[in-house]
Amino acid sequence: MADSAITVEGARKAYGGKRAKGGNRGNGGKAALDGLDLAVARGTVHGVLGPNGAGKTTLVRVLSTLLRPDAGRVEVAGHDVVTRAREVRSRIGLLGQHAALDEKLGGRQNLEMFARLHHLGARHARVRAGELLARFGLADTGRKAVKQYSGGMRRRLDLAASLITEPEVLFLDEPTTGLDPRGRAEVWDSVRSLVGGGTTVLLTTQYLEEADQLADRISVVDHGRVVADGTPDDLKTLTGGDRIDVVLRDAGQLGAAVALLPVPKDDISVDADRRRLSSPVADRMTALSGVVRALADAGVEAEDIALRRPTLDEVFLHLTVDDRAGDHPEKEAARA
Amino acid sequence: MSTYALTDSWTMTRRELAHWARQPVQVLVGLVFPVMLLLMFGYLVGGGRGVTGDYLDYLVPGMLALTMAFGLEGTMLAVTQDLNKGVIDRFRAMPMTNGAVLVGRSAADMLQSALGLAVLIAVAAALGRRTHGGPAALLGALGLLLLFRFAMLWIGIHLAMVAGRPELVTTVQILVWPVGFLSNAFATPASMPGWLGTAVEWNPMSHTATAVRDLFDGGAVDAAHVWSAIGWPLALLAVFFPLAVRRFAMLSK
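Chains A and B supply the protein sequences, listed in that same order.
Position 164 (the first sequence) corresponds to 164 in my numbering; numbering is contiguous.
Position 97 (the second sequence) corresponds to 97 in my numbering; numbering is contiguous.
In isolation and in its complexed conformation, chain B is listed as follows:
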């Protein structure tokens, strides 16, 4: 560990923030897109199969979790682009902290995701949907969502380094959609054919969405829901974090 680990990581985070400043439209579109999905499913195509009660109340936590899942694409794309540019060679041939490149990536992506959550929650509030669990439950829900995003982030970094090329990223991007939709974000597993419902219940994203619903609706919080929303992302991190770090170190092989 170098004494410069923090400053290097901050420099790399600033680099990503400078990219935002250079591409404000892209950042804006990234933030608006989940809002579009929310409105589309809430008012246009949505029906909420199997949902009792207000559909938007059901949909908002699902959309928050889905937004975190889709963050994987952005991470993957950014990492692949970096790896395919010579700039990564310059970073690696400098006396900087090795991991700072990945730390900077994580920090910027987490920040963007936090912004994305804020925007979605603000839009939901504008549509008259308040959370009923109090500030502690709201913070807890945000924590679970960001934890899930953090797991997605390291899956994204790992997949980017496995795929290597931007062309292959497109393939993964397409696959993210069905995996994201194969969750309880839009409909209850009970409303689906048996095998599909089972798959949906296994999707880690469903666990996060369920726990967030518990925390938002102000009723009793099922501890089992919260634990699986913590457990799944941690399990994914336990697998993909070391894999990604190992891949990064393998660049010199």
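Only chain A is shown next, with the shape it has when bound in the complex:
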């Protein structure tokens, strides 16, 4: 798979409990990855979307060599993450959920240190640190320690530190969590400019909008497995294609309107506060004219009628609907 930047086949990772010798299936522990498969083409942005505890962070930690998978084949940039960890490490960048910086040092000190650890050599390290500081608008931070940085600045420095060697593959684990809208826009812009340079990006997020905006393909992950995979459009089609939304003038007529619609009643969702009902449709134009006629005949007054694709939110809920009372082993273990 020469065109594949990331290949994951049957990856398993369990926390706690006893692991079977020889890297077999997790035994007794909580499975954060439960036979996960993934293929990411070079030069693309791949979104990994899932609720808390779905296994996103564990996946990133396995891909970036921080955790060994219990079983399965995991290759990044053409190298196995377990047997050829060093080769993988020299080709990746990692932006985790928490700033991976030395907060007692300044921005330049951080970047020079990381550049030396990438074995750039003292002079080259200095030059590279200067370039990155300028590129991320941090050139005038002087000696200020990172702990005095704002959240957005810290995130930018963190991203700069992930890009010291212009990695083949960049991992972004919920890169905009906790940022204000401006910080979020800054990170998005940076990601877009990176992809122009040929870097493969794997991005985990809980924000559907983020995945929709940035990703070429999306894998929806739940319970440590990929439950759906495709382009954003593919996924939207997956929940049943187009929908019709009807907003009524009078909420009291919602019940009557539901009875009138020519679709199975179970598929109709009703939002009383917004006086709106929404339903999947098989054929756009037939449905539209049918609904308009039925409402007019019954004397139910509509304020708005619209045909639309489902949102990613609906896809996401559709695919991950579940009782989510359980705990989240990956979050706890990631902090331990």
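Honestly, I wouldn't trust all of these hints.
As the list claims (entries may be wrong) - Distance windows between CB atoms, simulated:
id: 1; chain 1: B; residue 1: V29; chain 2: A; residue 2: G151; range: 39 to 47 Å
id: 2; chain 1: B; residue 1: L115; chain 2: A; residue 2: E131; range: 35 to 43 Å
id: 3; chain 1: B; residue 1: N84; chain 2: A; residue 2: A139; range: 26 to 34 Å
id: 4; chain 1: A; residue 1: S269; chain 2: B; residue 2: G164; range: 44 to 52 Å
id: 5; chain 1: B; residue 1: M250; chain 2: A; residue 2: G142; range: 51 to 59 Å
id: 6; chain 1: A; residue 1: L317; chain 2: B; residue 2: V29; range: 52 to 60 Å
id: 7; chain 1: B; residue 1: F33; chain 2: A; residue 2: A139; range: 36 to 44 Å
id: 8; chain 1: A; residue 1: G35; chain 2: B; residue 2: V162; range: 27 to 35 Å
id: 9; chain 1: B; residue 1: P242; chain 2: A; residue 2: D80; range: 38 to 46 Å
id: 10; chain 1: B; residue 1: V27; chain 2: A; residue 2: A134; range: 42 to 50 Å
id: 11; chain 1: A; residue 1: L307; chain 2: B; residue 2: Q81; range: 53 to 61 Å
Derived from the structure by calculation, the hints contain no laboratory data.
By construction, the Cβ of each residue, glycine as well, lies at the ideal position given by its N, Cα and C atoms.
We have chain A already, so just place chain B on it with the hints.
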């Protein structure tokens, strides 16, 4: 072993030195604190139960050994702080030598401890206490003290990784005090109730302090004292060095 093992370790040591430069007051307090203890016990609370001869002559080697023992706290705190920050993830996801993080920690801590010894010895000299064993004995004593510190260092690294969180470090810090004081640093075991004296004699720190006293006072050096001051730290290292390294490797489990 990578060809970069040395440069990586040096980079990580420089990182710690850069921390010092950022927190000079903290470093200074760290160096002054043992001096404070020395003066406090020498002139304020000290009596030196069971000590014959000059109490400061007895106390200085004890304080030197105690300073090495207390170094454990600093090591533990620094390691725990690193582990609880994301920065350790960045180090581990880089193509650097795996052990460089720990080597850098060791180098910086040993350097700080050597400085601490120098300051204490200088203060003792200012108080008119010279060592009488000659330069070779002085160097030997410093070697024994630093060897003991090296053992404390790896105990500290191991405990930090077992404890994991800064909150638990506080607990260990509190426990370091009685263990440090449960030694012959301030009084002779003979002056204590039987069981306490026995515990004190078993404390590895006591062995280091005793050997250093031998080497400082210019009299006959008891080889048995020196051997146990070498043997105890080596035994501790034989246990805790592999444990700490294994713990560090376990981070990817």
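Each hint tested on the structure:
V29 (chain B) and G151 (chain A) have their C-beta atoms about 31 Å apart, which leaves the hinted 39 to 47 Å range violated. About 37 Å separates the C-beta atoms of L115 (chain B) and E131 (chain A), a value consistent with the hinted range of 35 to 43 Å. A beta carbon spacing of about 30 Å between N84 (chain B) and A139 (chain A) agrees with the range 26 to 34 Å that was offered as a hint. Range check, S269 (chain A) to G164 (chain B): Cβ separation about 46 Å, and the 44 to 52 Å hint holds.
Between M250 (chain B) and G142 (chain A), the C-beta spacing of about 39 Å breaks the proposed range 51 to 59 Å. In this structure the supplied range 52 to 60 Å holds for L317 (chain A) paired with V29 (chain B), their Cβ-Cβ distance being about 56 Å. Distance hint check: the CB atoms of F33 (chain B) and A139 (chain A) are about 40 Å apart, consistent with the given range 36 to 44 Å. The supplied range of 27 to 35 Å is met by G35 (chain A) and V162 (chain B), whose beta-carbon atoms lie about 33 Å from each other.
A beta carbon spacing of about 27 Å between P242 (chain B) and D80 (chain A) contradicts the range 38 to 46 Å that was offered as a hint. Against the hinted window of 42 to 50 Å, the Cβ-Cβ separation of V27 (chain B) and A134 (chain A) comes to about 33 Å, which falls outside the hint. Take L307 (chain A) and Q81 (chain B): their Cβ atoms lie about 57 Å apart, and the range 53 to 61 Å holds.
Hints 1, 5, 9, 10 from the earlier list are contradicted by this structure; the remaining hints agree with it.
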